[in-house]
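Here's the letter readout for the chains.
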Amino acid sequence: MKTVRLKRKEIKNPYLPVEAERITTETFLGDELQDISIWSGNQEKRLEDLFTVDTEGNAETAEDVHIILSGDCSKVKRIGEYMTGGKITVEGDIGMHCGNFMSGGVIEIKGNADSWLGREMRGGEIICRGNAALYCGSGYRGEKKGMRGGLIHIYGDAGDFLGETLWGGKIIVDGNAGNMPGAEMQGGEIIIGKDAEIPGANMKDGVCIICGTAFDILPTFMLEEGKKNIDEFKTGFFEFSGDHANRKPKGRIYAKDYRIHE
Amino acid sequence: MSELLVKNAFVIDPINEINGEIMDIAVKDGKIVESVKDSSNVIDAKGNLTLPGGVDSHTHICGTKVNFGRYMSPEDMRAGRGRAQKYMYPVSGYSVPTVYGNTYRYSSLGYTTVLEGAMAPLEARHTHEEFSYNTLQDTMANTLFDGNWAVMEAVADNDLKKVAAIVGWTLAAVKGFAVKITNPGGTEMWGWGKDVGCMHTKVDYFGVTAAEITDYLIRANELLNLPHSAHLHNNNLGKPGNYKCTLERMQRTPDLNDKRQTLYMTHVQFHSYGGSKWADFCSKADDVAWMINRKPQIAIDMGQVMFGKTTTMTADGPMEFNLYRLYNNKWSNHDVELETGSGIIPVLYSKKNLVNSIMWSIGLELALMTKNPWQCMLATDNPNGAPFVKYPEVIALLMSSKYRDEEFSTLQKGTEKRTFLSSLDREMNWNEIAIMTRAAQAKALGIVDLGKGHLGVGADADIAIYPIKTGETDPAQEYEKVIKGLSVTTHTIKRGRTVSRDGNCLVFGDNATIWVKPKIPENYDISKDPEFIKRFERYYTVNLANYPVEEEYLNRNICIETETEL
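If you read the sequences in order, they're chains A and B. Here our numbering is used: the first residue of the first sequence is 1, the next is one more, and so on. Here our numbering is used: the first residue of the second sequence is 1, the next is one more, and so on.
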């Protein structure tokens, strides 16, 4: 087991973005710390220039690496990109594109996550104890396939376009979701603890469960007869099929309560 | 001034009837000369294949619809990204890359002259702006006349000279190079949600047929003595059974010019379909090729389809709408007032799709069955059939029947019943490939006299050296070597300067735009015709004085002035 502690050094300009795709479990496998370059704004820096690095123990595979990030990381982007195993713990907030394309391992964020959390991820697990911003678990601009596998669990609220173009996997939000959760989704499952707005627009397949009120359900969704029970919740839900803007849609929205878009 | 000597080059230059000689090429001031005195600047070609710079006579790389393809497909921009280097800007995009992406990739394929296939006259300024960043190739633009109201009215009045006057003035005004006719009449009808079908449906209001529009424009083109012939994208593109329409168009075309073809038909692959619906869709390339073989007045480009993702874009709006209904993906549609329109959709050509497999076969059949390579250009109608970076693969397919058979065996079952590609065993040689990719294209475009497409004395020093030793490579067997060798040149020389070496561009480049200016007599100057001015002021949103593109928009300016018979 190897533990890597990275503490963000004091910074003059808190708005300067940092592109840190190299901070992922596989980077820290060897005994010696290699030169790891990171772009800060328009300058190429070494990892030690931006973080104090403190390592402990040895690791053979990425599975055995645990990275702990602390300090102000709210502008540090692309942490854990293409990660295959191991664990990353963020003691505070994290910047955009955290866990892009990850296929294994765990990322735990104790604060809030910025936009594109778990974008196009294929497996593994992301736990966010705060809120997530826009496009959580979605595809990038124009991309048809978003998140394809794994789990994202957000304890707080999620922003707009949660799970846009979702293809597989599961997203759980304990709080509210913003506009358009599950837009264009074609598989997978979204569970929202409280309210959401315009869910499932243009969905072809997949399930979107809203345990609060679903506002502005689109007129292209059809309300099925009778209230449905779902295994996990055991209470009555309204069931919608859709989006009938597509041919033969297999999508489902379950909502405790709903308002039709007028 | 600057001198350069290319030594030990294995030269194939069809226009000068050089077929594989080891020779030296001397360059002075951007032109090829007999010999040079200064021997300090020498490139050793080491016996590698050396051809004139490539000419692409039909591609879509600049202009509003290409630009729209870029911003409607952000996912395409994620593919094909390249970092900035000393003389290269960062690029992105695969099927519709940025302008720099296009120019760098063409340069590493050895291309030095490209022709944008369709420019709406009203949007010419945008096209020329993008041309000025297409720095490593000389550029030209076909100008669209398919739905031009003034032209259709003149055709309805049977006034050939007026058609010629309108065409001549417009070409000079927008700095265009040739007359492009895309689905004549169809684009105007598409404004009303209709199409013209084959050639004999009358266009609403104007009362002219597609056949008449094309006939008049072909003749007007010859009256103006334009270097290139009329450039036609025929009606009924992509519809099963459209080969009859193609044959009729070829049959109708008179032989008016002894130097070059009278009609250039583009992406004929899309126009050689048999059957009556997609269920009994089949290849009719044999009939079309048979007609081409007996009509020297026709030249075609094959419009080869290659498998993979791409973006289709054309001024043929109704066809794109039909495709959109087939694919149910994104779609863009655009109307250019009084002139033309366009449509754009992304597509995926798949080997699992029977129709796509047949389309792939038809392009190759056309090229292999056209006996005279001077009549058939190699093009994919970039990016409609495939992005131009697939050209080396197309060449390898033409040169190796082994490669064709291997590819054919991976296609959807049933392809063999609808095509006859597997029965063709022609294997092209290097000379034929050189004809199809540069010599014939330069001749069809009428720019041989400008020094394009050949390596004779006085020609522009546009030279491409490929890392292939033709004596040691058997293209029929080692097709992978052919693909690899043709993909990246060791040197691409443009106007005597090495612009690209092993795929890296070495200069920012300095391209030229070639355009035509017919000498029209005063009494045929349409811009002084009161009726034309009145109509223009009434229907266009721009002022007549603001319509022409100023010469400042052109980086380097090559104007071809032609004597007219008006």
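Possibly wrong hints are sitting among the right ones.
[Said to hold, decoys possible] If you want a taste of the chain B side facing chain A, the calculated C-beta under 10 Å gives, among others: (1) Ser-73; (2) Pro-74; (3) Met-77; (4) Arg-78; (5) Asn-329; (6) Lys-330; (7) Asn-333; (8) Asp-335; (9) Glu-337; (10) Leu-338.
No wet-lab data here; the hints were simulated from the structure. Beta carbons are placed, not taken as given, at the ideal position from N, Cα and C, and that holds for glycine.
**Asked** If you check each hint against the structure, which ones fail?
**Response** 7, 8, 9 and 10
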